[in-house]
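> Those sequence lines, one after another, are chains R and F. Per this note's numbering, the very first residue in the first sequence carries number 46; after that it's consecutive. Per this note's numbering, the very first residue in the second sequence carries number 46; after that it's consecutive.
There may be inaccurate statements among the hints.
Copies of the same chain are indistinguishable here, so a pair counts whether it falls within one copy or spans any two.
Stated by the list, open to error - Derived lysine-lysine pairs resembling DSS-like cross-links, with alpha carbons at most 27 Å apart:
{"#": "1", "residue 1": "LYS214", "residue 2": "LYS340"}
{"#": "2", "residue 1": "LYS340", "residue 2": "LYS111"}
{"#": "3", "residue 1": "LYS267", "residue 2": "LYS299"}
Worth flagging that the hints you see were computed from the coordinates, not collected in a lab. Quick caveat, the model's predicted, so the values are computed rather than measured.
Number of protein chains: 2
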Amino acid sequence: MRFTSKKGLLLLMGLIGIFLTACGNLQNADLSGNTSSNTASSKSAAYQITGTTDGSQYSALLSDGKYKVSSSRGLTVDQNSNNFNVASFEDGLTTISKQQFSPDKYAFQEGQYIARTTANSWLKRKSSSNADGLNPEDNKQTDSNKRAPIYLQQILEQDYLVHSGSTYKLDGMAIGLGMNSTDYYQKVQYGATFKTTISRADQEKQGKEMAQKILARLRQKKELANVTIVFGLYEQAANDSLVGGTYFAQAVSKSGTTLSDWTSLKQENGVLPVVNNEKAINGGDSDSFNNFKSKIQSFFPNLSGVTAQVHYENDSLKGMKIKITTQFFGENEIRSFTQYVGTAASRYLPANVPIEITISSVGGMQAFLNRDSGEKDFYSHVFSSY
Amino acid sequence: MRFTSKKGLLLLMGLIGIFLTACGNLQNADLSGNTSSNTASSKSAAYQITGTTDGSQYSALLSDGKYKVSSSRGLTVDQNSNNFNVASFEDGLTTISKQQFSPDKYAFQEGQYIARTTANSWLKRKSSSNADGLNPEDNKQTDSNKRAPIYLQQILEQDYLVHSGSTYKLDGMAIGLGMNSTDYYQKVQYGATFKTTISRADQEKQGKEMAQKILARLRQKKELANVTIVFGLYEQAANDSLVGGTYFAQAVSKSGTTLSDWTSLKQENGVLPVVNNEKAINGGDSDSFNNFKSKIQSFFPNLSGVTAQVHYENDSLKGMKIKITTQFFGENEIRSFTQYVGTAASRYLPANVPIEITISSVGGMQAFLNRDSGEKDFYSHVFSSY
Chain R
46 MRFTSKKGLL LLMGLIGIFL TACGNLQNAD LSGNTSSNTA SSKSAAYQIT GTTDGSQYSA
106 LLSDGKYKVS SSRGLTVDQN SNNFNVASFE DGLTTISKQQ FSPDKYAFQE GQYIARTTAN
166 SWLKRKSSSN ADGLNPEDNK QTDSNKRAPI YLQQILEQDY LVHSGSTYKL DGMAIGLGMN
226 STDYYQKVQY GATFKTTISR ADQEKQGKEM AQKILARLRQ KKELANVTIV FGLYEQAAND
286 SLVGGTYFAQ AVSKSGTTLS DWTSLKQENG VLPVVNNEKA INGGDSDSFN NFKSKIQSFF
346 PNLSGVTAQV HYENDSLKGM KIKITTQFFG ENEIRSFTQY VGTAASRYLP ANVPIEITIS
406 SVGGMQAFLN RDSGEKDFYS HVFSSY
Chain F
46 MRFTSKKGLL LLMGLIGIFL TACGNLQNAD LSGNTSSNTA SSKSAAYQIT GTTDGSQYSA
106 LLSDGKYKVS SSRGLTVDQN SNNFNVASFE DGLTTISKQQ FSPDKYAFQE GQYIARTTAN
166 SWLKRKSSSN ADGLNPEDNK QTDSNKRAPI YLQQILEQDY LVHSGSTYKL DGMAIGLGMN
226 STDYYQKVQY GATFKTTISR ADQEKQGKEM AQKILARLRQ KKELANVTIV FGLYEQAAND
286 SLVGGTYFAQ AVSKSGTTLS DWTSLKQENG VLPVVNNEKA INGGDSDSFN NFKSKIQSFF
346 PNLSGVTAQV HYENDSLKGM KIKITTQFFG ENEIRSFTQY VGTAASRYLP ANVPIEITIS
406 SVGGMQAFLN RDSGEKDFYS HVFSSY
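Here chain R stands alone, though its shape is the one from the complex (with noise of 0.2 Å):
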């Protein structure tokens, strides 16, 4: 946990100014934006890619020497937020973005269309001067339930790209939407933070119905008239969860602009440890847990945690990511454990599902084991110097 308090601390004091967010929340919003006409296809200047790939991740293009980060990323930049958002709203769009554009024929490149001041009015409520904002008119209540809350938190860009003579051309993109679950606000500057809780019904015909708009404005820049646009709706976990949200509805628009045949997405996010008498989403892959967190802190006594976050869809795990906190000092004790948590993984842990196991003291990480997808064994490393 202690990782993410500082991520969030460091973002606070840096990136206010850089990232967008809805207005609700930022104060300075209104960020100049440098409007990025974005010349991937039209020029045949020295592209390269970072690496090759194996199918599963994708390449990324590297333009005009550079690797272009994205001017419409959208992090949510106020205090109370939950940066396993952050991080699972940006995975979460590339792993559904997998399934119409795959990793062997196209290459990645952060969202380049959507220019930063473009984005930050779609965030922004709806008003006399912004037209285009997504979010509603701030109707001035501030009732939990009568105030119109902002329902669209964030919004990301993703390009991708397929190779075509001595260039790349964009081919497809994918718009994320992040739909509060929990919009926080305050009814009076630096005042008390209330909430109002939107459901996953309104969470739905909001994103859907924004998603729309944004479908006919895209469509509208003519190198977008006709690339294949997916778009996914995410819902945002409260701030105070353990674990980011999840996409939870997805369409497809070969061309034109009407978006019609959304899919629902099944995904749940939870961690283990469960306290306080709350039920596991999956008894069996908690008992698992529970197995092999028992067995490890019987043989070394000094550890000071061992939680998971656990990932399913479709009521099936699909992966578990393991922190482990320790008071460990010794090289060899360290080698010792990671040795014991690797075959105490392969024993208990649920198969043919990815688990990484990182292992950390407050120092830093010390070691790690991960299984991919697939893999029967687990690599494991312990980070030493010389």
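We have chain R already, so just place chain F on it with the hints.
Only chain F this time, still in chain R's reference frame:
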């Protein structure tokens, strides 16, 4: 470097009172000992090892239901100490041990035969109240060249066991002696710090005499009368060094109390890029690193630092640990960068050498790449969350 300084802080805060060191540097060195009368070879209780080995790493013995930490593990706890010394002192002794005690045959256990009180009295100066002190008597001089310095800074025992029937039996031991190249001292309590420089010749002379004394003391114990004991002499790096020290001599005693046949070890550690017109240990390796560095910096401008620790034995490069510090935040930016680093590392960095590359932001480690000895491709992993 952050990692290190925080680890240092931690050691200061949490560990004073646990570990042992020469009394010249530890104020409160008289720790109550747990006398650790070891019984690893006499009990038939449940033994278990931490996992199977591929022959490159030891399996560690778990006995009495626990991983046993060494009672005499020696760490330097004074404020200015160099934590790289702590890690490489321990790792280096394990490496020396592998030549004598093959990981295929031997299991590892942290030192259990030199009790904490014993090691502590050995590390202190010889005096009327401490006849066993290995460091010289205080000659009451405070002048840098006239005083008797603390030669021995830390001591480490490692045990190596063979499977015997239903149990494990001690069959080998390794003893590391950490010899100061610079002894830091105060003329008055809480006063300014002064230094006495100790030549390699003096370190070697003193270290060999101390090893001889230790051998004679160990052979008096019945359980140690006939085990093979390996000694390693380690030169501590200065407190301001960005790498740890190296082992410079080793000797093996199969039996008896005479230690002869010392073998010199030619090891060197360095840092890249070299600064202040210093000369790299090997110009070609330095050029390779600089090519790699400038290549990744040209495509990814948001890098704060790219540095490497290099380790040489008999003038050949034996390994590189590269630390890259970034200002990245997006998941895909990290993934793309990691892929590109793998491409550039394969192309520009020296072949056939183990290389570890960590990619960190101030929030912690974001990704890492590793190529072990004999491998062609880099393994890479990007840390993520749900």
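> Any hints this thing doesn't respect? Which numbers, in order?
none
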